[in-house]
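With the sequences and hints as input, model every part of the structure.
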Amino acid sequence: MDYLKSELRRFTTLVKLQSFSALNPVSQQEVKLTNLQATFYPELEERILLCAHWDSRPWADKDSDSAKRNTPVLGANDGASGVAVLLHLAEIVSKKKPNYGVDLVFFDGEDMGKEGYPESYALGSQYFAQNLSNYFPRLAILLDMVGDKDLKIYQEQYSNQYAPETVREIWDRARRLKLDCFVDSVGYAVWDDHLPLLQRGIPCADIIDFDYPYWHTTQDTEDKCSAESLEKIGRLLVSILYD
Numbered sequence: 276m277d278y279l280k281s282e283l284r285r286f287t288t289l290v291k292l293q294s295f296s297a298l299n300p301v302s303q304q305e306v307k308l309t310n311l312q313a314t315f316y317p318e319l320e321e322r323i324l325l326c327a328h329w330d331s332r333p334w335a336d337k338d339s340d341s342a343k344r345n346t347p348v349l350g351a352n353d354g355a356s357g358v359a360v361l362l363h364l365a366e367i368v369s370k371k372k373p374n375y376g377v378d379l380v381f382f383d384g385e386d387m388g389k390e391g392y393p394e395s396y397a398l399g400s401q402y403f404a405q406n407l408s409n410y411f412p413r414l415a416i417l418l419d420m421v422g423d424k425d426l427k428i429y430q431e432q433y434s435n436q437y438a439p440e441t442v443r444e445i446w447d448r449a450r451r452l453k454l455d456c457f458v459d460s461v462g463y464a465v466w467d468d469h470l471p472l473l474q475r476g477i478p479c480a481d482i483i484d485f486d487y488p489y490w491h492t493t494q495d496t497e498d499k500c501s502a503e504s505l506e507k508i509g510r511l512l513v514s515i516l517y518d
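Residue 518, in the working numbering, is where the sequence shown stops; the numbers in between run on with no holes.
Be careful, since some hints might not be right.
[What the hints assert, rightly or not] Within a straight-line C-alpha distance of at most 20 Å, the following computed EDC-like cross-link-like pairs (lysine to aspartate or glutamate) qualify:
| no. | residue 1 | residue 2 |
| --- | --- | --- |
| 1 | Lys371 | Glu282 |
| 2 | Lys453 | Asp518 |
| 3 | Lys389 | Asp338 |
| 4 | Lys499 | Asp340 |
| 5 | Lys371 | Asp518 |
| 6 | Lys371 | Glu321 |
| 7 | Lys307 | Asp340 |
| 8 | Lys427 | Glu321 |
| 9 | Lys427 | Glu497 |
| 10 | Lys370 | Glu282 |
| 11 | Lys371 | Glu320 |
| 12 | Lys427 | Glu503 |
| 13 | Lys291 | Glu366 |
| 14 | Lys371 | Asp336 |
| 15 | Lys453 | Glu390 |
| 16 | Lys337 | Glu282 |
| 17 | Lys372 | Glu321 |
| 18 | Lys370 | Glu497 |
| 19 | Lys389 | Glu320 |
| 20 | Lys424 | Glu503 |
| 21 | Lys453 | Glu503 |
| 22 | Lys499 | Glu282 |
| 23 | Lys370 | Glu390 |
| 24 | Lys372 | Asp455 |
| 25 | Lys280 | Asp378 |
| 26 | Lys337 | Asp498 |
| 27 | Lys372 | Asp338 |
| 28 | Lys427 | Asp459 |
| 29 | Lys424 | Glu444 |
| 30 | Lys371 | Glu318 |
| 31 | Lys424 | Glu497 |
| 32 | Lys291 | Asp277 |
| 33 | Lys372 | Asp518 |
| 34 | Lys389 | Glu506 |
| 35 | Lys424 | Asp498 |
| 36 | Lys499 | Asp336 |
[Said to hold, decoys possible] DEER-style ranges, computed between Cβ atoms:
| no. | residue 1 | residue 2 | range |
| --- | --- | --- | --- |
| 37 | Lys453 | Gln474 | 28 to 36 Å |
| 38 | Asn409 | Ser294 | 31 to 39 Å |
| 39 | Lys343 | Pro300 | 14 to 22 Å |
| 40 | Ser294 | Asp498 | 28 to 36 Å |
Hints are computed from structural coordinates only; laboratory data are not their basis.
Just so it is clear, CB atoms sit at the ideal spot from N, CA and C, and this is done for glycine as well.
Spelled out as structure tokens, the structure:
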């Protein structure tokens, strides 16, 4: 968290920590979690919210080696990939004013959930959404697992159901940019950080490649990720903000 905070403060003075307590659904112990928010161009009324989770899975419960299933997941893709894109975007936005005000939010506690209990996931975004007041961005985009070398991003079912115009705008733009990693059909329903935002009335699309064989394993490491994949997602976001 200290690294993330210091990096964001290189690009804006408007960095806020949102700390809260939550119950670890597995250990049943109280833990302290922290979301980070970075604001750019607060004078612009029309705003876009871009977000990702910065935590990683505390245990590799999907690992093929049962001896490793209590080992924390590095989360190179499931966690760090979305954060990496947004950190670079923060640098871009700090140097050139976009068409919209930009709010970056990095959620904690997305991956602490207990399997079979979906409400125990996405703790940071739940807290963020519950404590919003008078904030109505034009749209929101969640990045999750966007670094896979074999990147294929289908439309996510809840996004398509509750924010169809946002999904359509993103996939149409991806087509114009010739980003062939975006597949123009619904692929899966994912309980993710976009759901509390959708429930709050914020039109949010989840950009996620959920077909990732190293998900929640100790094999989710840097060598499974691709700079080219991250660049494609970054190019899409830059186009949304500036074109």
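Each hint, compared with the structure:
no.: 1; hint: Lys371 to Glu282; result: holds (18 Å)
no.: 2; hint: Lys453 to Asp518; result: holds (15 Å)
no.: 3; hint: Lys389 to Asp338; result: holds (15 Å)
no.: 4; hint: Lys499 to Asp340; result: holds (18 Å)
no.: 5; hint: Lys371 to Asp518; result: holds (13 Å)
no.: 6; hint: Lys371 to Glu321; result: holds (17 Å)
no.: 7; hint: Lys307 to Asp340; result: violated (30 Å)
no.: 8; hint: Lys427 to Glu321; result: violated (30 Å)
no.: 9; hint: Lys427 to Glu497; result: holds (18 Å)
no.: 10; hint: Lys370 to Glu282; result: holds (15 Å)
no.: 11; hint: Lys371 to Glu320; result: holds (17 Å)
no.: 12; hint: Lys427 to Glu503; result: holds (13 Å)
no.: 13; hint: Lys291 to Glu366; result: holds (17 Å)
no.: 14; hint: Lys371 to Asp336; result: violated (43 Å)
no.: 15; hint: Lys453 to Glu390; result: violated (37 Å)
no.: 16; hint: Lys337 to Glu282; result: violated (32 Å)
no.: 17; hint: Lys372 to Glu321; result: holds (13 Å)
no.: 18; hint: Lys370 to Glu497; result: violated (28 Å)
no.: 19; hint: Lys389 to Glu320; result: violated (39 Å)
no.: 20; hint: Lys424 to Glu503; result: holds (8 Å)
no.: 21; hint: Lys453 to Glu503; result: holds (14 Å)
no.: 22; hint: Lys499 to Glu282; result: violated (24 Å)
no.: 23; hint: Lys370 to Glu390; result: violated (42 Å)
no.: 24; hint: Lys372 to Asp455; result: violated (28 Å)
no.: 25; hint: Lys280 to Asp378; result: holds (15 Å)
no.: 26; hint: Lys337 to Asp498; result: holds (19 Å)
no.: 27; hint: Lys372 to Asp338; result: violated (44 Å)
no.: 28; hint: Lys427 to Asp459; result: holds (10 Å)
no.: 29; hint: Lys424 to Glu444; result: violated (25 Å)
no.: 30; hint: Lys371 to Glu318; result: holds (15 Å)
no.: 31; hint: Lys424 to Glu497; result: holds (10 Å)
no.: 32; hint: Lys291 to Asp277; result: holds (12 Å)
no.: 33; hint: Lys372 to Asp518; result: holds (12 Å)
no.: 34; hint: Lys389 to Glu506; result: violated (32 Å)
no.: 35; hint: Lys424 to Asp498; result: holds (9 Å)
no.: 36; hint: Lys499 to Asp336; result: holds (19 Å)
no.: 37; hint: Lys453 to Gln474: 28 to 36 Å; result: holds (34 Å)
no.: 38; hint: Asn409 to Ser294: 31 to 39 Å; result: violated (22 Å)
no.: 39; hint: Lys343 to Pro300: 14 to 22 Å; result: holds (21 Å)
no.: 40; hint: Ser294 to Asp498: 28 to 36 Å; result: holds (33 Å)
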